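Engineer: Sequence:
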Amino acid sequence: MSGRLLPHALLDLTFARASARLECLAYKSLQSSSSPVIRRHAHQQALLQELPPAPTEYLPYDTADDRSLYARRDSGRRERSPLSSGGLFPHSQDGPLTELERRIIELKEMPTSEEAEISGPLYSESELLSIYEELLATPSRPHTEDATLISSESRKRQDEALLRSTVQDLYGLDDPSSISPDIRSQYTAAISKLKEIVDALETARSSSAGPPLAISVLPEQEWAALVRTCVQEKDGAAAEAVIDLMARSGSHVPDELLSTAMSLYADRGDITNTERFLSTFAGSKPVDRLRDLHIKAHLRSLAPRTFPTSALTVLHDYEGRGLPAPQKTYTRVITSLLSTRSTMAEAQAWDLFAHMRYVAHPTPDPQLYAVMMAACASRVLDPQPARALDLWTEMTVDKRMAPTADAYTAVIYACACSGDKMYVNEAFRLAKEMLDGHRDAYGNSAFRPDRKTFCALLEGAKRIGDLAKGRRA
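Letter 146 of the sequence shown, counting from 1, is numbered 146 in the UniProt record's numbering, and no numbers are missing.
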C-alpha cells in the first residue's frame, strides 16, 4: 500500500458516490421481492378505497400550510418510502454531495488565497528594522569619563574664545594688544573694565530722578563664560567679583552660575567660604543644587573614615526648615557612612535610608538602590543577600525602574559574598541576565561587565569552592 493517504474530503466524496449506487441497487431488489405481498393485500386496499371521505369540518386545518410544524414533519415522514425511511441509506444524496463539493472547492482555493496574502508583504525590511530598534531599544548609557573630559575641554576652548572676544569689545577704543594674552590677564582686564562701567552706571542711576533704566552690559553667555573661566583657573575671588558685577548691573544671575562658582569651594571642603558665598548670593532659601554643595563641603572637609557628624547636622537642619536636600545629597552622606566601615556607621546608614524615604524622597533612584545593595555585602556585618534581592525586586519589579550596570554589579556582589551555594548560583544567573537579557536589534548588550563584576563572580566561586564557576567567570 502507498504510504500516503487521500485527503479526507476526497474520501468522503468517494464513499458517498459508492453508497448512492449501492442504495439504488438495493431499492431495485427490494421492489422486486415485495410484489407478491402487495398483490396479497390488494383486496384490503380496495376496501379502503370504497370508504367515504372524512368530513372536512372535523379537520383541524384547512390547508397544508395551516398544519403545525410537528404535523408537517410527521406527514413528510409517512410519505417517505420504506427504503428511504428505514433502509440502509436514509439520507438524501443531494445535500452531502453539495456540501462535500463546496468543501473541496474551498480547499482548492485556499492555498491560492494564502499565497496571494504572503506575496504582498505589509512592511519593508527597513520598516521592520526600525520597529525592532524601537522595541529593543536599550536605555542610554551614562557618559563615560573620556566623553566628559572631551566635553569639558571643548567647553573650555569655547569659553576662552568668548573671553577674548569680550576683551576686544570692552577695549575697542583702547589698545587691546597691550593686554597679556594669557587667560588670567585676560579675565582680570575684563573684570577691571566691567567694574568701571558698572560704577558709572550706578552713579548715573543714583543721580537720575526717574526710574532706573535696564541696561545690558554684557550678554548672559559672556557673563557665564567669564565665571566659568575664573572657576577653571581656581580663582574664587574673581568668580565672586563677576557675579557681584552681574547682579549690580541689573542682569539676572542664573542658579547654574551660582552653583558653578560655589562648587569651587565645596570641592575643596572650604566650609567658611562656602557658607559666606551661600549667605551673600543665595539668601535664606537656597536651591537644591546649592544645598547639596553645602553638605558636600562638610563631607569633603572630613578625614577618611570619619563619622560625618556635621554633615548630618546640616542635613537635618534643612529638613527642619522645610527644605530637604536632593536625593543625591542623601546618597553622598550614606556613602560616607558606609566608607567608615564601622557597625555604628553602617547602622546609621540604613536608618538614614529609611528616614529619607519617610521624610523627603519615598522612591530612591537606581544609584541609591545600587549603594544599598552593595551595603548588603558588608565587611563588618554579616552579608544580607536576601535583603539585596528584595531591594532588586523592589527596584525592577515594583517600581519598574530600568536596571543599571552598577545595580547589577551590586546585587551580584551581595549574593556572591554570602558564601551560600544557592545565592552564588543566583549571582551567576544575574550575570548571565546582565549580558543576554538586554540586547538591542543588532544583538549588542546594553551592559558590559567591569572589573568589579568579575571580581564578585570569582569571590562567589572561591567561597563555595567551585572551580568550574571560577573558570566560567
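Hint data in this document are derived by calculation from the structure and do not stem from the laboratory.
All values reported here derive from a predicted model rather than from experimental measurement.
Any given hint might turn out to be false.
Unchecked claim - Listed below are the simulated DSS-like cross-link pairs for lysine-lysine, each with C-alpha atoms no more than 27 Å apart in a straight line:
1) K328 x K421
2) K452 x K432
3) K452 x K469
4) K328 x K285
5) K432 x K399
6) K156 x K234
7) K452 x K462
8) K462 x K432
As the list claims (entries may be wrong) - Pairwise CB distance ranges, derived in the manner of DEER restraints:
9) I131 x P181: 49 to 59 Å
10) S192 x H252: 41 to 51 Å
11) N444 x A386: 58 to 68 Å
Yeah, the Cβ is synthetic: ideal placement off N, Cα and C, and Gly gets one too.
Engineer: Please verify whether K432 and K399 have alpha carbons no more than 27 Å apart.
Structural biologist: Since the Cα atoms of K432 and K399 sit roughly 22 Å apart, the hinted pair holds (cutoff 27 Å).
Engineer: Is 41 to 51 Å respected by the C-beta to C-beta distance linking S192 and H252?
Structural biologist: Given range 41 to 51 Å: violated, Cβ gap about 23 Å.
Engineer: What's the verdict on K452 and K469, does the C-alpha distance respect the 27 Å limit or exceed it?
Structural biologist: Given pair K452, K469 holds - Cα atoms ~16 Å apart, limit 27 Å.
Engineer: If you draw a straight line from the CA of K462 to the CA of K432, is it 27 Å or shorter?
Structural biologist: 19 Å, holds
Engineer: Honestly, do I131 and P181 meet the 49 to 59 Å range at C-beta?
Structural biologist: 56 Å, holds
Engineer: If you draw a straight line from the CA of K328 to the CA of K285, is it 27 Å or shorter?
Structural biologist: 19 Å, holds
Engineer: Can the restraint linking K452 and K432 be considered satisfied, given a maximum Cα separation of 27 Å?
Structural biologist: Holds, at roughly 15 Å.
Engineer: Would you check the hint for K156 and K234, treating anything up to 27 Å between C-alpha atoms as holding?
Structural biologist: With Cα atoms ~13 Å apart, K156 and K234 stay inside 27 Å; holds.
Engineer: Regarding the pair K328 and K421, is the alpha-carbon distance no greater than 27 Å?
Structural biologist: Cα-Cα ~35 Å, so violated.
Engineer: Taking the beta carbons of N444 and A386, is their distance inside 58 to 68 Å?
Structural biologist: Given range 58 to 68 Å: violated, Cβ gap about 33 Å.
Engineer: Take a quick look at whether K452 and K462 sit within 27 Å of each other, Cα to Cα.
Structural biologist: 15 Å, holds
In summary, the numbered hints that this structure violates are 1, 10, 11.
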